[in-house]
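All chains should be modelled from the sequences, with the hints used to inform the complete structure.
Each chain, letter by letter, is given below.
Number of protein chains: 2
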Amino acid sequence: MLNIYDVSKQAGVSIATVSRVLNNSPHVSAKTKKLVMDVIAASGYVPNAFARGLGLRTMKTIGLLCPDASDPYLSSALSALEKAFRDNLYDCLLVCTGRQPSERDAGILSLSAHHVDGMVLMGSSFVSDVAVENAMILETADIPMAILNASLQAEHIYSARCDDFGATRDALLSLTQKGYSRPLYLYHALNYSGQQKFQGFHEGCHIAGIPESHVTTLLIPRENMTVAEVQRRVFALWQEGKRFDCVVTSDDILAVGALKTAGSMHLKVPGDLAIIGYNNSSICQCTSPELSSVDNRLEMLCQQIVNTMIGILQGQEMPREVVYSGKVIERGSSIAK
Amino acid sequence: MLNIYDVSKQAGVSIATVSRVLNNSPHVSAKTKKLVMDVIAASGYVPNAFARGLGLRTMKTIGLLCPDASDPYLSSALSALEKAFRDNLYDCLLVCTGRQPSERDAGILSLSAHHVDGMVLMGSSFVSDVAVENAMILETADIPMAILNASLQAEHIYSARCDDFGATRDALLSLTQKGYSRPLYLYHALNYSGQQKFQGFHEGCHIAGIPESHVTTLLIPRENMTVAEVQRRVFALWQEGKRFDCVVTSDDILAVGALKTAGSMHLKVPGDLAIIGYNNSSICQCTSPELSSVDNRLEMLCQQIVNTMIGILQGQEMPREVVYSGKVIERGSSIAK
DNA sequence: GGAGAAAATGTAAGCGGTTACAAATCCATT
DNA sequence: AATGGATTTGTAACCGCTTACATTTTCTCC
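Protein chains in written order, with numbering that gives the first Met the number 0: chain H, 0 to 336; chain S, 0 to 336.
Warning: the hint list may mix true and false statements.
Same chains, same names: a pair is fine if it fits in one copy or spans any two.
[Unchecked claim] Calculated lysine to aspartate or glutamate pairs in the EDC-like style (CA-CA distance at most 20 Å, straight line):
id, residue 1, residue 2
1, Lys82, Glu222
2, Lys33, Asp294
3, Lys82, Glu102
4, Lys82, Asp116
5, Lys267, Glu289
6, Lys82, Asp104
7, Lys59, Asp5
8, Lys82, Asp67
9, Lys59, Asp116
10, Lys33, Asp5
11, Lys326, Asp169
12, Lys336, Glu289
13, Lys267, Asp244
Calculated from the structure, these hints are not laboratory results.
See below:
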């Protein structure tokens, strides 16, 4: 493998000059620059990234901590983040951690060891309700961090998130405005955004003036969140005598499960039962009727995360937290009664 | 930031000894080892990865070239690959390239510049029919490469793939054995695996003795492969007078589109129309009836890719190409007439 | 206790770049 | 042609680690 000496020798200049050309420093004459670039092109020389990293103390790499890359929602985020970082000439190191705090911490450690310039924590799974305990671990790594879809108070931690509270409230209200009056809320976690959604749902019920007795909620833990299992549990609820005419959920999978249960409950969707999912993922178009869902602006959030991170790395001051509004996307599953 | 000198000073040993402990060389006494490890733990020292990379000429990093991380199939692969590489103490650099050869090549360049130890090309999109032209570019980077789901003849290029030919043939035959006799084949690309599937489909028709006139094929290019668009095109086919009673596809999305078109064509699924998708992705359980699909053993393939790569990096001899059989997973959409 | 081999440790030369600082060159003015 | 400032180039120190080789220590056995 060629190194910078080889190039400098071939070009008849010093290594400093070659280095300057490589980093296009202004202190090189146009003539020399062209000469060196020609030699580089001809020889096929590629600078050694490790040596470069040693000297510059960065390899322009961002760590992406993803609890589950196979999750459709997170994988979209992954794609968006990677693309945006690449546009800014940063490479992305991917670590799929799982959702356990210990796994998350191991991931953070691994990324620190790799000397990334910054880290993105994807998803609020990383921030449980025990925010304080969590923050400490995150703070120890003195690297800028950005969290997608959760918020955390700490010095070098930034975040971009959707107003899940407002979006879930609006989803519920869009149903009550159409005459639905006995909501069921299906949710899978109470991490940061899970809490927001949960509270937003109840806020909506409150605004719509729905009596407590007409409100049902059902937790289906993430590890049980398969279409079949959701069907089973929703149907069980129905058999217990619980009644509902509309469903708001914290995830599209839950909504698909509810939709597929409708038949067993002898309910027509929409009409007897209206359903709204969350995330507006591609499966919304796979069902019949198609699934209404909350678009939580993933693309924008990712773009924002990248902008923030790049800004920080350039030494600019950046807002600690950015919040976008979600949007209810109406499809067949939630049209009027 | 602490460096190895600080640690050596604090421990009262030379930096060589610290380095030996770090790389757990056998040439350190147990006593010294413990002493140094204690100092490291107490000080919170983390070795500089760039310096380490410079000396060792590797940072134990694998490049993952993914045409589209938001694709459910590829994101599952991503997750599986990352996990398996991590288990072998390799970090993964993710590059989402898109499917254009030029994008692919830019990705390869970017990964080369980062000095990864090996690269995985995810998916046969990277290998078009112009195999020779492609191979040349791949060969220039003198880094071990592994290709998922495609095959390519070249010195340092390895591959693990599913027998897509056989799997598609079997899918078709499973339908004809149930009495279906007028197959429609929906496909989205003719890259490496696309060709295999296409030929497998025709092979199946041949074996089943289906006359040419009863066979329909329809290409729906990947960029148009949305449920709505597939519906539109399949229905258009029907209106043109083409008739079919079963559908084999190269991707689950196509199958979902076909399934959702059945209503418009006044066909009952199954019975009037049977459908089998490809990839056995999670959307198969979102539809009613649920979608039969070909499981192409993604987990195994990924595991194999990682094993091969690790083996190569350890200097072992590894098989150039490994092929697994696919499996038709029967669900509601393809039971007997 | 001392010779010799084995084990542990230290010294110093890389690895391949960046960059502060020094030196050389260039150019316009006088 | 000499002067002096600006521009270009070179020299060498450094980034933090690995490792070949040299040196020291430890151990074994007579």
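We went through each hint and held it up to the structure:
1. In this assembly of identical chains, the alpha carbons of Lys82 and Glu222 lie at most 20 Å apart only when taken from different copies (18 Å versus 30 Å within one copy).
2. For the homomeric pair Lys33 and Asp294, neither the shortest alpha-carbon distance inside one copy (50 Å) nor that between copies (54 Å) is at most 20 Å.
3. Taking identical chains as interchangeable, the C-alpha atoms of Lys82 and Glu102 lie at most 20 Å apart only when they sit on different chains, with a minimum of 12 Å there against 25 Å within one chain.
4. Taking the shortest alpha-carbon separations for Lys82 and Asp116, only the intra-copy value of 17 Å comes in at or below 20 Å, while the best inter-copy value is 22 Å.
5. Within a single copy, Lys267 and Glu289 get their C-alpha atoms as close as 13 Å, and across copies as close as 19 Å, so both meet the 20 Å cut-off.
6. Proximity of Lys82 and Asp104 under a CA criterion of 20 Å is satisfied inter-copy only: 16 Å between copies versus 25 Å inside one chain copy.
7. Within a single copy, Lys59 and Asp5 get their C-alpha atoms no closer than 25 Å, and across copies no closer than 26 Å, so neither meets the 20 Å cut-off.
8. With identical chains, the CA atoms of Lys82 and Asp67 are at most 20 Å apart both within one copy (18 Å) and between copies (10 Å).
9. In this homomeric assembly, Lys59 and Asp116 come within 20 Å of each other (Cα to Cα) both inside a single copy, at 6 Å, and across copies, at 18 Å.
10. When the C-alpha separation of Lys33 and Asp5 is checked against a cutoff of 20 Å, the pair qualifies only within one copy, where the shortest distance is 17 Å, while the shortest distance between copies is 43 Å.
11. In the homo-oligomer, the alpha carbons of Lys326 and Asp169 lie at most 20 Å apart inside one protomer (8 Å), although the nearest pairing across protomers, at 44 Å, exceeds that limit.
12. Taking the closest pair of Cα atoms, Lys336 and Glu289 come within 20 Å of each other only inside a single copy of the chain (16 Å); across copies the shortest separation is 27 Å, beyond that limit.
13. Only within a single protomer do Lys267 and Asp244 lie at most 20 Å apart by alpha-carbon distance; the minimum there is 10 Å, versus 29 Å between protomers.
When held up to the earlier numbered hints, the structure conflicts with 2, 7 and fits the remainder.
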